[in-house]
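From first to last, the protein sequence lines are chains A and B.
First residue of the first sequence: 0, per numbering that gives the first Met the number 0; consecutive thereafter.
First residue of the second sequence: 0, per numbering that gives the first Met the number 0; consecutive thereafter.
The set of hints was computed from the structure by calculation and includes no laboratory data.
No false leads were slipped in.
Here are some chain A residues pointing at chain B (derived, C-beta under 10 Å):
| hint | residue |
| --- | --- |
| 1 | ARG12 |
| 2 | LEU14 |
| 3 | ARG21 |
| 4 | PRO55 |
Taking lysine-lysine pairs in the DSS-like style, the calculated list, with each CA pair at most 30 Å apart, reads:
| hint | chain 1 | residue 1 | chain 2 | residue 2 |
| --- | --- | --- | --- | --- |
| 5 | A | LYS103 | B | LYS57 |
| 6 | B | LYS56 | A | LYS86 |
| 7 | B | LYS36 | A | LYS111 |
| 8 | A | LYS103 | A | LYS1 |
Even for Gly, the Cβ is constructed at its ideal location relative to N, Cα and C.
Chain by chain, the residues run as shown.
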Amino acid sequence: MKILIADDEALSRRLLEKTLERAGYEVVAVENGRAAVRQLCQADGPRLALLDWVMPELDGPGVCREVRRQQDESYVYMVLLTSKESKEDIVAGLESGADDYLTKPFNVDELKARLRTGERILHLEGRLVEAREMMRFKATHDALTSIWNRGVIVDLLGRELVRSQRESGCTIVLLGDVDHFKSVNDTHGHLVGDEVLQEISRRLLLSIRSYDFVGRYGGEEFLLVLNNCTPQFAEARAEDIRKIVGNRPIQTLAGPLNITMSFGLLLSDGWGVRPVEELMHEVDAALYAAKAAGRNCVRVASLRSSLTYRWCQCASRRNDYDRMRRCYFDFASCCKTLRIAAVDPGARCSRQASRRLHVVSIFKNIVGFLNAARHAGTITRIRSHTTQISPLLSKNNSSSISPRFTMLATISQ
Amino acid sequence: MPNANQPPKESSIDFPELLARVDNDRELLLDLISIFKEDFPRHVRELTDVIAASDLKKITVVSHTLKGMLANLAVTRAASAAGKLEQLARDGAAETEIGDALRAFQREVQGVLPEMDAYMAEVQR
Numbered sequence: 000m001k002i003l004i005a006d007d008e009a010l011s012r013r014l015l016e017k018t019l020e021r022a023g024y025e026v027v028a029v030e031n032g033r034a035a036v037r038q039l040c041q042a043d044g045p046r047l048a049l050l051d052w053v054m055p056e057l058d059g060p061g062v063c064r065e066v067r068r069q070q071d072e073s074y075v076y077m078v079l080l081t082s083k084e085s086k087e088d089i090v091a092g093l094e095s096g097a098d099d100y101l102t103k104p105f106n107v108d109e110l111k112a113r114l115r116t117g118e119r120i121l122h123l124e125g126r127l128v129e130a131r132e133m134m135r136f137k138a139t140h141d142a143l144t145s146i147w148n149r150g151v152i153v154d155l156l157g158r159e160l161v162r163s164q165r166e167s168g169c170t171i172v173l174l175g176d177v178d179h180f181k182s183v184n185d186t187h188g189h190l191v192g193d194e195v196l197q198e199i200s201r202r203l204l205l206s207i208r209s210y211d212f213v214g215r216y217g218g219e220e221f222l223l224v225l226n227n228c229t230p231q232f233a234e235a236r237a238e239d240i241r242k243i244v245g246n247r248p249i250q251t252l253a254g255p256l257n258i259t260m261s262f263g264l265l266l267s268d269g270w271g272v273r274p275v276e277e278l279m280h281e282v283d284a285a286l287y288a289a290k291a292a293g294r295n296c297v298r299v300a301s302l303r304s305s306l307t308y309r310w311c312q313c314a315s316r317r318n319d320y321d322r323m324r325r326c327y328f329d330f331a332s333c334c335k336t337l338r339i340a341a342v343d344p345g346a347r348c349s350r351q352a353s354r355r356l357h358v359v360s361i362f363k364n365i366v367g368f369l370n371a372a373r374h375a376g377t378i379t380r381i382r383s384h385t386t387q388i389s390p391l392l393s394k395n396n397s398s399s400i401s402p403r404f405t406m407l408a409t410i411s412q
Numbered sequence: 000m001p002n003a004n005q006p007p008k009e010s011s012i013d014f015p016e017l018l019a020r021v022d023n024d025r026e027l028l029l030d031l032i033s034i035f036k037e038d039f040p041r042h043v044r045e046l047t048d049v050i051a052a053s054d055l056k057k058i059t060v061v062s063h064t065l066k067g068m069l070a071n072l073a074v075t076r077a078a079s080a081a082g083k084l085e086q087l088a089r090d091g092a093a094e095t096e097i098g099d100a101l102r103a104f105q106r107e108v109q110g111v112l113p114e115m116d117a118y119m120a121e122v123q124r
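All chains should be modelled from the sequences, with the hints used to inform the complete structure.
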């Protein structure tokens, strides 16, 4: 074990050095307090230290204080060597952050015994840190694939979006979904499905740079965050990633399987400042467009191709909400690519309903929404349903706006 | 000529204690003695200088260093004399008192270096 000796006096340093080397320690000896702090605050510095009390520049208690202030990664066990014997001195030494003290001239056996106590504490600390790191890993990584879990990858995305905004750069957001994954599970069983997800994670990791991020977003959905990208190469990069995943069969217990992925792609620089959720909905819509286009391809979310509208309507009574929700499900079923996926701030929206929801811009009433839909060119497809929706909403006094809940819809061409 | 009635002068160095301290490692002991021979006279000179200058803070520091060195080599009485000086300086004692303590210290360390030399010669034989 590595141990630091800090003593300005050569004779005492040599004696300690030799004694500790004989006891099996790897000794680092320094002559003053400043050098001791530098050594002890290094990432791989000694974790056990014997510090002389009286030293030039920075004394032993000063070293303890500095190390306790700077070093919060690993615990350093510090023993003060002192010829001071008054109780006040000893209390001051321990209060500076020292773990123990030893009176000079030291007795070799006592020195070794006290250092063994320090080693025991450090060993225990090491085990606790290991356990904490394992917990931290489990809390941040997906258990099956060991890539970032949803919470972390979404946080990382938020951070990268803010950064690229600040630096006027561009972040690529890539949301991928394994094609026909359900049939893999249904045909070959979940173990094979798990193998497929693990291998896909590995391939995705191989396909990105060390400073990009990949995480498991949902069951068979993966989110990639590629920093600092050149926008004109974005589609080519996404295509490369798609090919890396899909070009070779995946070896499984059920034999080799040809697995492909569809991707929605979004370049952050075209969207201004928007919340992460909003961009996720956009990239999700692009992913659906890729699915609708026959899968195993990439589709780009852009303001032009993903005409998205948010319709907001409020009601104060639960019945109204339910009726409106039914209307929206009718509405959704008429439009192949339309997805409703939104939100009820009053927490009345069921989990299933909120899963289907999608967010985007606000219309105070159905007329504004329909006008926007007409303008977007989707009105011909929803016309038959608008007649159904309008009377229902007009009966519910659509002019009275209450903040109880909000429903939102996204329409993609 | 030494007085036959006077008991022989006791050694300044507690050699059994010193050997225990280095775990009977004679090589280390020679190493320590050579460091001592180099550093000790320098520190003693420094001590007389700071006492002449009546610099109490420096007297405390230098006598503390000397005390440590001497204690490490089991020169116990001289280490106590250095400790006395350190305490007096820390307490802000009068110059005469510090002067007396310095002389007592000097008496104690007088024979240390020759004793060390003799010991080294013996060890190296």
